[in-house]
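Protein chains in written order, with our numbering: chain L, 484 to 903; chain R, 484 to 903.
Keep in mind that the hints were calculated from the coordinates and are not lab data. Worth double-checking, as some hints may not be accurate.
[To be verified] Straight line, CA to CA, 16 Å or less: simulated EDC-like cross-link-like pairs of lysine to aspartate or glutamate:
1. L:884 - R:693
2. L:887 - R:690
3. L:894 - L:536
4. R:884 - L:693
5. L:842 - L:634
6. R:884 - L:690
7. R:844 - R:598
8. L:884 - R:577
9. R:900 - R:577
10. R:795 - R:598
11. L:795 - L:510
12. L:887 - L:539
13. R:853 - R:709
14. R:887 - L:693
15. R:890 - R:539
16. R:584 - R:634
17. L:820 - L:634
18. L:887 - R:693
19. L:612 - L:581
20. R:884 - L:867
21. R:565 - R:575
22. L:605 - L:577
23. R:795 - R:510
24. L:844 - L:598
25. L:795 - L:873
26. R:611 - R:581
27. L:611 - L:577
28. L:584 - L:536
29. R:806 - R:510
30. L:844 - L:536
31. L:612 - L:577
32. R:884 - L:873
33. L:884 - R:873
34. R:887 - L:690
35. L:884 - R:690
36. R:712 - R:539
Number of protein chains: 2
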Amino acid sequence: MSAMNAFYAQSGGVTAVINATACGVIETARKHKNKIANVYAGRNGIIGALTEDMIDTNKENASAIRALMHTPGGAFGSARYKLKGIDENRAEYERLIEVFKAHNIGYFFYNGGNDSMDTAHKVSQISKKMGFPVTCLGVPKTVDNDLPITDCCPGFGSVAKYVAVSTQEAAMDVASMATTSTKVFVLEVMGRHAGWIAAAGGLAKKDEGDAPHIILFPEIPFVKRDFVKKVRQCVNDYGYCVIVVSEGAAYKNGKFLADQGTRDAFGHAQLGGVASVVAQMVRDNLGYKYHYAIADYLQRSARHIASATDVKQAYAVGEAAVKLAVQGKTAVMPVIKRVSDSPYRWKIESAPLGRIANKEKMVPRRYITKDGYGITAAGRRYLEPLIKGEDYPPYVNGLPKVAKLKKRPVKPKLGTKFVV
Amino acid sequence: MSAMNAFYAQSGGVTAVINATACGVIETARKHKNKIANVYAGRNGIIGALTEDMIDTNKENASAIRALMHTPGGAFGSARYKLKGIDENRAEYERLIEVFKAHNIGYFFYNGGNDSMDTAHKVSQISKKMGFPVTCLGVPKTVDNDLPITDCCPGFGSVAKYVAVSTQEAAMDVASMATTSTKVFVLEVMGRHAGWIAAAGGLAKKDEGDAPHIILFPEIPFVKRDFVKKVRQCVNDYGYCVIVVSEGAAYKNGKFLADQGTRDAFGHAQLGGVASVVAQMVRDNLGYKYHYAIADYLQRSARHIASATDVKQAYAVGEAAVKLAVQGKTAVMPVIKRVSDSPYRWKIESAPLGRIANKEKMVPRRYITKDGYGITAAGRRYLEPLIKGEDYPPYVNGLPKVAKLKKRPVKPKLGTKFVV
Numbered sequence: 484m485s486a487m488n489a490f491y492a493q494s495g496g497v498t499a500v501i502n503a504t505a506c507g508v509i510e511t512a513r514k515h516k517n518k519i520a521n522v523y524a525g526r527n528g529i530i531g532a533l534t535e536d537m538i539d540t541n542k543e544n545a546s547a548i549r550a551l552m553h554t555p556g557g558a559f560g561s562a563r564y565k566l567k568g569i570d571e572n573r574a575e576y577e578r579l580i581e582v583f584k585a586h587n588i589g590y591f592f593y594n595g596g597n598d599s600m601d602t603a604h605k606v607s608q609i610s611k612k613m614g615f616p617v618t619c620l621g622v623p624k625t626v627d628n629d630l631p632i633t634d635c636c637p638g639f640g641s642v643a644k645y646v647a648v649s650t651q652e653a654a655m656d657v658a659s660m661a662t663t664s665t666k667v668f669v670l671e672v673m674g675r676h677a678g679w680i681a682a683a684g685g686l687a688k689k690d691e692g693d694a695p696h697i698i699l700f701p702e703i704p705f706v707k708r709d710f711v712k713k714v715r716q717c718v719n720d721y722g723y724c725v726i727v728v729s730e731g732a733a734y735k736n737g738k739f740l741a742d743q744g745t746r747d748a749f750g751h752a753q754l755g756g757v758a759s760v761v762a763q764m765v766r767d768n769l770g771y772k773y774h775y776a777i778a779d780y781l782q783r784s785a786r787h788i789a790s791a792t793d794v795k796q797a798y799a800v801g802e803a804a805v806k807l808a809v810q811g812k813t814a815v816m817p818v819i820k821r822v823s824d825s826p827y828r829w830k831i832e833s834a835p836l837g838r839i840a841n842k843e844k845m846v847p848r849r850y851i852t853k854d855g856y857g858i859t860a861a862g863r864r865y866l867e868p869l870i871k872g873e874d875y876p877p878y879v880n881g882l883p884k885v886a887k888l889k890k891r892p893v894k895p896k897l898g899t900k901f902v903v
Numbered sequence: 484m485s486a487m488n489a490f491y492a493q494s495g496g497v498t499a500v501i502n503a504t505a506c507g508v509i510e511t512a513r514k515h516k517n518k519i520a521n522v523y524a525g526r527n528g529i530i531g532a533l534t535e536d537m538i539d540t541n542k543e544n545a546s547a548i549r550a551l552m553h554t555p556g557g558a559f560g561s562a563r564y565k566l567k568g569i570d571e572n573r574a575e576y577e578r579l580i581e582v583f584k585a586h587n588i589g590y591f592f593y594n595g596g597n598d599s600m601d602t603a604h605k606v607s608q609i610s611k612k613m614g615f616p617v618t619c620l621g622v623p624k625t626v627d628n629d630l631p632i633t634d635c636c637p638g639f640g641s642v643a644k645y646v647a648v649s650t651q652e653a654a655m656d657v658a659s660m661a662t663t664s665t666k667v668f669v670l671e672v673m674g675r676h677a678g679w680i681a682a683a684g685g686l687a688k689k690d691e692g693d694a695p696h697i698i699l700f701p702e703i704p705f706v707k708r709d710f711v712k713k714v715r716q717c718v719n720d721y722g723y724c725v726i727v728v729s730e731g732a733a734y735k736n737g738k739f740l741a742d743q744g745t746r747d748a749f750g751h752a753q754l755g756g757v758a759s760v761v762a763q764m765v766r767d768n769l770g771y772k773y774h775y776a777i778a779d780y781l782q783r784s785a786r787h788i789a790s791a792t793d794v795k796q797a798y799a800v801g802e803a804a805v806k807l808a809v810q811g812k813t814a815v816m817p818v819i820k821r822v823s824d825s826p827y828r829w830k831i832e833s834a835p836l837g838r839i840a841n842k843e844k845m846v847p848r849r850y851i852t853k854d855g856y857g858i859t860a861a862g863r864r865y866l867e868p869l870i871k872g873e874d875y876p877p878y879v880n881g882l883p884k885v886a887k888l889k890k891r892p893v894k895p896k897l898g899t900k901f902v903v
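Please take these sequences and the hints and turn them into a complete structure.
Below you can see the structure in the form of structure tokens.
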């Protein structure tokens, strides 16, 4: 078989290290020119394939591709765009294959989370049916760390490091001021369903009494009375209370804490995340002075404090995906297999997309303390290696240097317009 | 004159580098044993003097003191506690001098902002009147960068670096997702009166069209109609819009944007900072998908991304304060004098406390673009050197290592209790 082209797309929320995966894919593909002629990257992810708007990565020089290792965001653009089921929108799948065919694309690398694995899986099946079989590889990426089978997900280690470091730092600030000022500090972190990111905040705690004193997991139903009691106890015992709350923290009936049904003076639903809700609860029930921070995108784009372990793994899954593809494997995703906790050792294996797609891995109960507010030794054993090592970007004039890509478009061949 | 002891206190909101100043004070004092026998640090700042609760820094070994260089928070505890005017509360000043006298404290180093300089100034005057003249040195510290005379304030460079780096990173995230997801991102930063921290976000912008597209300064009256128009224009022109907003952004009549007078379902004033207000404005007027982050304490405790320039200056003002004191200077504060912008050169001079106390330095109009939404070349020239250089803390198991102090108390001599 003569060499074919590859299509690479970033999907869903980006991470601090998704471009390290892109680097792994492109650099490895360049070593297999006999199989992969060129890597085309979708501008804005899968949309770039549907609209025939692709970036020719062959036009980028090696140093620009290497600089992706320390560049946050999605270098080629990502998209929140889920292909519907084949029965609901066959046209989309057909269009995809049509574009792949026109550009001699025999490899599809889809870099994303659960949804993307589902799409990659479907494309693999449909392309076969349509007589143009495409080698489809899922490449894991998600700060949520909720993909099954893989021990962890590239992107998570860095957000975990950011949250652990930030919790430690802010807690030291609060502790030093609590006598006369803020007594309760709330940090809101991502994680709508799985509490992995909030759990990472727990790494800041080393000794009894250390912050964070309370972690609110989506996995543990929130009980206001118990929470308020715990906050009071922390302030009494330690002088202050640091809370890390997952955006998905919810009551037993499944209602998010953030969904307060509150209205402003104009009758609009109150904005603001769960942090302000929790802070308000503290104020109304205990009267303590509080502050809260909402990390939002800062946490998942914080390449400046990326975990070296995470950067390595992000590259490794990209590299492995290409190696699997040129070996003829399809409809699989490289997964990270933990070999040992301490010293931390891991290797890359692969798993069928069908076993990964549309499944979410929650924080297991045994990683959460009995009272539901902290992480156990087992949780710490799992999390700690993932934030190890610093991998600093280069700086120019005090700011991180990032990859500058030419992003030359691949010349369209179909000429037909497709509206997404 | 035989050697006397020194009292060092941290005051007000802490910074990522206030402990570097403490290190400068203590290490330099240790080199002048003939003048300064010991440095006592106030536990929780000035309150430690009033309650005779001081920490004996002589009991700390040299490596622990050195580790203060990379330890955020206030190592000895800080306090939001402003001594009243002498006529309103003479007892407090008398108590202070009484404690100083009992512990043979002839030097007072007060590490804080405007208020603290006022206190240090008053203590200098009163101690003289009371026949126990204390050498009083102000030592500058404030993330707000609003002290007069000094070119910049230790603590500011690091928060500026944090905000500039975070703005750049989050903007790359938003830019890569804007086609199908978030179009407007708002980052709320500190600065109730002066917009220096928000201005620092402007450093992330290098070329036309780069983020941040809008900075909201407390110095520039907010005009909603104009703001909404500008956001729409940015989204139309660049596909997305990144906004850095100072917590003190206000309307022409002085009313803070954050003060919306909004009420929740229970009739409580709506919590939540200016970021949610601005985001809501975008939603209500333009309908764009938005996200917002509130950096809060994360910004001022982010020692992991401290500016090397700031760390050096923080140490230098502590060192200089001690040198000035042992030279017999009193009622002065070391100030940073800029010698040149590029290459950036600076030296330490000193200024009388009376000229610094209770004055605020705002961002000058010439640092702000004509439209009020950005920083000028002059502003950039001023700000850029302050975020230069990285000064990473050591890490253990993925988290920054911090100073572990013994904090041995100085044995009280008065035995009388003083309630603050």
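Report task. Take the C-alpha atoms of residue 844 (chain L) and residue 536 (chain L), compute the straight-line distance between them, and say whether it is at most 16 Å. Result -> violated (34 Å)
Query raised in the report: Within 16 Å, alpha carbon to alpha carbon, are residue 890 (chain R) and residue 539 (chain R)?
Result: With Cα atoms ~7 Å apart, residue 890 (chain R) and residue 539 (chain R) stay inside 16 Å; holds.
Query raised in the report: Holds or violated: are the alpha carbons of residue 795 (chain L) and residue 873 (chain L) at most 16 Å from each other?
Result: Holds, because 11 Å separates the two Cα atoms, which is no more than 16 Å.
Report task. Sort out whether residue 709 (chain R) lies within 16 Å of residue 853 (chain R), counting only the CA atoms. Result -> holds (13 Å)
Query - Hint consistency between residue 806 (chain R) and residue 510 (chain R) [alpha-carbon to alpha-carbon, up to 16 Å] - result: holds (11 Å)
Report task. Decide if the proposed pair is consistent with the structure: residue 612 (chain L) and residue 577 (chain L), CA atoms, cutoff 16 Å inclusive. Result -> holds (11 Å)
Report task. Below or equal to 16 Å on CA atoms is what counts here, so check residue 887 (chain R) against residue 693 (chain L). Result -> Distance of about 13 Å is within 16 Å: holds.
Report task. Would you mind confirming whether the straight-line C-alpha gap from residue 611 (chain R) to residue 581 (chain R) stays at or under 16 Å? Result -> holds (13 Å)
Query raised in the report: Taking 16 Å as the top limit, are the C-alpha atoms of residue 884 (chain R) and residue 690 (chain L) close enough?
Result: holds (14 Å)
Requested in this report: Would you mind confirming whether the straight-line C-alpha gap from residue 887 (chain L) to residue 690 (chain R) stays at or under 16 Å?
Outcome: Status holds; Cα separation ~13 Å.
Query raised in the report: Is residue 844 (chain L) close enough to residue 598 (chain L), meaning Cα to Cα at most 16 Å?
Result: holds (14 Å)
Query raised in the report: Is the Cα-Cα distance between residue 844 (chain R) and residue 598 (chain R) 16 Å or less?
Result: Answer holds: residue 844 (chain R) to residue 598 (chain R) is near 14 Å, not above 16 Å.
Figure legend: structure checked against the earlier numbered hints; hints not met, in rising order: 8, 10, 16, 30, 36.
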